[in-house]
Amino acid sequence: EYAKMVQVLHAYCIISAGIRVSCTNQLEQGKRQPVVCTGGSPSIKENIGSVFGQKQ
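Each residue of the sequence shown is one higher than the last, beginning at 11 in this note's numbering.
Keep in mind that the hints are not guaranteed to be accurate.
[Unchecked claim] BS3-like, lysine-lysine: derived pairs with alpha carbons at most 25 Å apart:
(1) K55 - K65
(2) K55 - K14
(3) K14 - K41
Source of the hints: derived by calculation from the structure; they are not laboratory data.
Build the full structure now, drawing on both the sequences and the hints.
Laid out in structure tokens, this is it:
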């Protein structure tokens, strides 16, 4: 179910232009691991780069 939630979150982050999203997962030791972050770009293309990484 975690993987399915991450897929839905990725899709939402891509289409949500102009909205900054930051999602973390809290591990057993209390440390937080980033799952996905976007910068609030008005461009869907830039959101794709934020979610999946820039083309190399």
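Hints and how they fare:
1. K55 - K65: Within the cut-off at roughly 11 Å; holds.
2. K55 - K14: Satisfied, since the Cα-Cα distance of roughly 23 Å is no more than 25 Å.
3. K14 - K41: Distance of about 22 Å is within 25 Å: holds.
Checked against the numbered hints above, the structure violates none of them.
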